[in-house]
Amino acid sequence: MADQIISCVINDDGSVTADAAGFKGKGCVETISKLLSILHGQTLGATHKPEYRQNVTTQTQIKAGR
Amino acid sequence: MSAYQTQSTCFEDKDSLIKGLSENGYGLNTVEVHDTPQTLYDYCGHPRPQKAHIILRRQFVGGAANDIGFLKNTDGTYTVIISEYDSMRHNTAWIANLIKSYAKHALIKQGKRMGLTFLGVSAQKGTGRPIVQFRKALA
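In order, the protein sequence lines correspond to chains W and R. In terms of the numbering used here, the first sequence is numbered consecutively and its last residue is 66. In terms of the numbering used here, the second sequence is numbered consecutively and its last residue is 1139.
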């Protein structure tokens, strides 16, 4: 099984948008929520959407505010 | 005398703040870190009522500058204390850059703490925004 890659984009206002792609199932939201928790920003929004490629993967995106 | 102004921040992690400062003009040898808040001094060397845990002394801030401080609050966040005079250079743009540097170092620290493999920092195509990447091994 492929590893999971987590990408955190630091936006111009200092907020962070994190994506976790490459694995399926629950746990991704928890992982990046925990990662962003050090910023103690308000979690502005989280989406969890399946992406259908050759294998079913999920992509999770959470944005943490300042 | 230039009045001090305070601004609340999102900074909570001391190490990440210090690393962030190092990317915004203040290397490690120019940053004072104290367990108890210490007095800030103005451009004449006179003590001011304000105190801070992390201090950038005026000789490193610039000509005719006052000390800049970061005071840790009871809720764990830091309040930045900058004189009106120095806020011309240490303005909202400087604070914004510091926030971005802080976010990067805080993420790296937290990722390592979680056992993630830090892959590096790159620039997002198109925007140039920094991207901090990690790998998580799946069972």
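Since the hints were made in silico from the structure, they are not lab data. Everything numeric in this text was worked out from a predicted model, so none of it was measured. Take these hints with a grain of salt, some might be off.
Unchecked claim - Each computed EDC-like pair below joins lysine to aspartate or glutamate, with the alpha-carbon atoms no more than 20 Å apart:
#	chain 1	residue 1	chain 2	residue 2
1	R	1112	W	3
2	R	1019	W	19
3	R	1051	R	1023
4	R	1072	R	1035
5	W	34	R	1013
6	R	1125	W	19
7	R	1109	W	30
8	R	1051	W	13
9	W	34	R	1015
10	R	1109	R	1012
11	R	1112	W	13
12	R	1125	W	30
13	W	34	R	1035
14	R	1125	W	12
15	R	1109	R	1015
16	R	1112	W	12
17	R	1019	W	12
The hints, checked one at a time:
1. R:1112 - W:3: 16 Å, holds
2. R:1019 - W:19: Roughly 24 Å separates the two Cα atoms, so the pair is violated.
3. R:1051 - R:1023: 24 Å, violated
4. R:1072 - R:1035: 10 Å, holds
5. W:34 - R:1013: The given pair, whose Cα atoms are some 15 Å apart, holds under the 20 Å limit.
6. R:1125 - W:19: 15 Å, holds
7. R:1109 - W:30: 17 Å, holds
8. R:1051 - W:13: 28 Å, violated
9. W:34 - R:1015: With a Cα-Cα distance of about 19 Å, the restraint between residue 34 (chain W) and residue 1015 (chain R) holds, given a limit of 20 Å.
10. R:1109 - R:1012: Within the cut-off at roughly 13 Å; holds.
11. R:1112 - W:13: 24 Å, violated
12. R:1125 - W:30: With Cα atoms ~27 Å apart, residue 1125 (chain R) and residue 30 (chain W) exceed 20 Å; violated.
13. W:34 - R:1035: Violated, at about 28 Å.
14. R:1125 - W:12: Holds. Residue 1125 (chain R) to residue 12 (chain W) sits at ~14 Å (cutoff 20 Å).
15. R:1109 - R:1015: Given pair residue 1109 (chain R), residue 1015 (chain R) holds - Cα atoms ~9 Å apart, limit 20 Å.
16. R:1112 - W:12: At roughly 24 Å apart (the allowed maximum being 20 Å), residue 12 (chain W) and residue 1112 (chain R) break the hint.
17. R:1019 - W:12: 19 Å, holds
The structure fails to meet hints 2, 3, 8, 11, 12, 13 and 16 from the earlier list, while all remaining hints are met.
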